[in-house]
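> One letter stands for each residue in the lines below.
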Amino acid sequence: MKVLLFLLTGLLTFNACSSPEKEVGASVTIRFSHNWDNTPVTSADFNTIKFTNENGEMLSIERLRYLISNVILTNAKNEIYELSSYQLVNLGEGEIMLESNEVPEGDYKLSFVFGFTDTENTTGNYPDLNAASFNVPGMLGGGYHFMQLDGKYVDQNLATTGFNYHVIRAVNIEDPNNLIFQDTSIKVYLGVINIMATTEVEIKMNIAEWFKNPNTWDLNTLNTILMPNFDAQILMHQNGKSVFSLGVLQ
Amino acid sequence: MKNSCIFLLGIFLLMECTSKEAIEYTPVPFTLEIPTLLANKLIAPVIPANNPLTEEGVALGKKLFFDKKLSGNNSQSCATCHSPEKSFTNNRQFSEGIQGVLGTRNSMPLFNLAWNFDERFAWDGKELGLEKQALEPVKNQAEMHANWETVAEKLKASPEYPDLFLQAFGDSEIDSVLITKALAQFERTLISGNSKFDKYLNGETILTPQEIMGFNIFMDEAKGDCFHCHGSDNNPLWTDNKFHNNGLDSNFSDLGLGSVTGDTNDNGKFKSPSLRNLKFTAPYMHDGRFATLEAVIQHYSEGLQPSATIDPLMKKVSQGGVGLSLQEKASLKAFLLSLSDPDFINNPAFRE
Chain A
4 MKVLLFLLTG LLTFNACSSP EKEVGASVTI RFSHNWDNTP VTSADFNTIK FTNENGEMLS
64 IERLRYLISN VILTNAKNEI YELSSYQLVN LGEGEIMLES NEVPEGDYKL SFVFGFTDTE
124 NTTGNYPDLN AASFNVPGML GGGYHFMQLD GKYVDQNLAT TGFNYHVIRA VNIEDPNNLI
184 FQDTSIKVYL GVINIMATTE VEIKMNIAEW FKNPNTWDLN TLNTILMPNF DAQILMHQNG
244 KSVFSLGVLQ
Chain B
52 MKNSCIFLLG IFLLMECTSK EAIEYTPVPF TLEIPTLLAN KLIAPVIPAN NPLTEEGVAL
112 GKKLFFDKKL SGNNSQSCAT CHSPEKSFTN NRQFSEGIQG VLGTRNSMPL FNLAWNFDER
172 FAWDGKELGL EKQALEPVKN QAEMHANWET VAEKLKASPE YPDLFLQAFG DSEIDSVLIT
232 KALAQFERTL ISGNSKFDKY LNGETILTPQ EIMGFNIFMD EAKGDCFHCH GSDNNPLWTD
292 NKFHNNGLDS NFSDLGLGSV TGDTNDNGKF KSPSLRNLKF TAPYMHDGRF ATLEAVIQHY
352 SEGLQPSATI DPLMKKVSQG GVGLSLQEKA SLKAFLLSLS DPDFINNPAF RE
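Protein chains in written order, with my numbering: chain A, 4 to 253; chain B, 52 to 403.
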C-alpha cells in the first residue's frame, strides 16, 4: 500500500512538472490583413498623407482599431466551431491571429460579426475592452466602439486636419430620455473554405471601402463627432458591408 | 530496500519542481487588495512571473523606497520626488537632484501601475517594466546620482538589509536586480480606487449636479471628448496608458516618445497621465507647465497648438480647441476633482 502511495506521489509530481497538451483536429490560423484598394497597409504606412479616398480627399491613417465577434466555422451539418467570441484588432500593435486546434478537417462556411450585436454589446462587461478604452459613453447607450479609425486629411481649404471615423451602434439622441437604437453590427459571410491539416485563412479589410461603397464619403462634411450622428452611423454601416473579403487560403 | 528506493524517487521528483532556496525559505505570497470596481472592470494586473509579490518583498520595497541610502550623498529617497501625501509625486514643476540640478520633466504620480498593460513607463515610455524603471533615477545625475554598486555596498553594510533580502528573495547577496525587484513589488501595491466618483459608481454616494454636468462634458464627443484618451466610468484607470500629442506646442523642445523610438511621427507624444488624484498632483503636463486645473482645461478649450503629430482626437485645432463655456469649464473641474482619492494618500501602508 505504501509502495503504491509513493508511486502515486511520484506520478502526480511528475505530472505537475510537465503537462503535454492534446491536439485535436486541424491547425487553423486566421490572419487579418489590411489594404487600400489592394495596396497593403501596415502600421508602417501610418502618419503619412498617402491615401486618396473616393471623394478625392488625401488622408493619412494614425490609428485603426476594430472589433469583430462570433468568428465561427459552420459545416454542412450546421455544426459550429467558434474560433473567437470577440477580438479587438489593432493594426498599430502588430499582427493579431486567431488559432484553433479543435476543428476537424472538412468544408466550412466562415463568418463573423463586425462589432457586437445588440445582445452582446453590453456596457462595461468586457474587461479587456474597458482597459483598451473602447467604450461608448452611456449618453450614447453605452456598449463598445466597433471601429476607431483616426487620421488627418487635407480639407477643401488645403489645411491638414483630423478626422475620427468612429463606428458604433447607431443611436438617435434627439430625446436624451428616449434613445432610439439601430443595430449596426455587420454579419460578414466569407464563403466556404476547406480546412486541411494545417490551414491559414486571411481575412482582408479594404479600408478604402469605408469611404466609397455605396456612399461616397465627404470628409469635409463628415469628419469628427460622428458617434452621436445617427445618419452617419447608418452610412458607415452600409459602407462596411463590402469592406471584408476572404484572402489567401494556405 | 524497495520501499526506500521508491521514497527516494518521490523526493527526487519533488525536487524537480521546487528550488533549493524555496525549501530553505519561502516568502509569504502577498495578496493585492483590489477595489471591487477595478476588479470588475479591468483585466488582472500585470505581475511578472519572475517577481511575484510577497509580504517580505513588498515590505522590503517599501523600506527601500523611503531610504535615502539609495542616493549618492544619502540625502534623497524615491519618496523625495514621489511623496505619498502628493499621490507619489511632488508639487514642483521639476524636481531637484542631490546636487541641485533640475530635471526636465515633472515627477509622475505613482498608482495603479500594475494595470499599465504595455508596461511602458515614464512620460516618454522609455522604461519597459517597473523593475527597469527603478534602475534609472538612482543613477541619473540630475536625480539621485548614485552608483548601483555603491548603493548595494551601503545596504550590505547595514545591520538590517541582508536579512531582509534573505527573507524576501532567499538570497542575502544584494544587488541592483533585487533592489529594483523589491521596489517594483512595493509600487505594484499602490492602488487607488476609492475616490468620490468610485463611491458614486459603487452606489455609496451621490454627485453634485455640477459634478454630473462635468462628467457629461467629459464623456461628450462634441464637448470635452476626454474619454477617448482618459478612461471613463468603465475604465477606472482614467488613462489609456498610451502616448499622444495633445497640442501643447507647435515646435518641440522635448521630443517625448520620439526621442525613444527615433520615429519623427512620435515627436511631441507623451503618456496620457491618469486623471485620478489631480487634487494632489499639481502642476500638470510632462513639463509641469500648468499650475492649475483651470489652466489645463483652458488649454484644451482654447490653447491647442497645431503640429504634424497632434493627435486627430484633438478637435477644432484651428480654433484653439473645443471652446467650453465658463460654466462648462467649472463643471469639468468639479468632476475631475471627484476622481481624487484621499484614502489613497492617507493609507498608512504607503507611508514611511
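Careful: at least some of the hints might be erroneous.
Covered stretches of chain B, going by a simulated chain A footprint (3 or more residues, C-beta under 8 Å) [unchecked claim]:
no., region
1, 92–102
2, 210–216
3, 286–298
4, 364–371
Distance condition first, Cα-Cα at most 30 Å in a straight line; then the derived DSS-like pairs of lysine-lysine [as the list claims (entries may be wrong)]:
no., chain 1, residue 1, chain 2, residue 2
5, B, 367, A, 53
6, B, 205, A, 215
7, A, 53, B, 114
8, B, 247, B, 293
9, B, 183, B, 205
10, B, 114, A, 207
11, B, 114, B, 137
Hint data in this document are derived by calculation from the structure and do not stem from the laboratory. Values in this document were obtained by computation on a predicted structure and should not be read as measured data. Idealized CB from N, CA, C, for every residue including glycine.
> Would you mind marking each hint as holding or not holding in the structure?
For each hint, the structure was consulted:
1. 92–102: Holds: 3 residues of the region 92–102 of chain B have a Cβ under 8 Å from chain A.
2. 210–216: Coverage by chain A is violated for the region 210–216 of chain B (0 residues, Cβ < 8 Å).
3. 286–298: holds (count 3)
4. 364–371: holds (count 5)
5. 367(B) to 53(A): Holds, at about 23 Å.
6. 205(B) to 215(A): Not satisfied, since the Cα-Cα distance of roughly 68 Å exceeds 30 Å.
7. 53(A) to 114(B): violated (54 Å)
8. 247(B) to 293(B): Roughly 25 Å between the alpha carbons, so the hint for residue 247(B) and residue 293(B) holds.
9. 183(B) to 205(B): holds (21 Å)
10. 114(B) to 207(A): Distance ~54 Å between residue 114(B) and residue 207(A) Cα, so the pair is violated.
11. 114(B) to 137(B): holds (19 Å)
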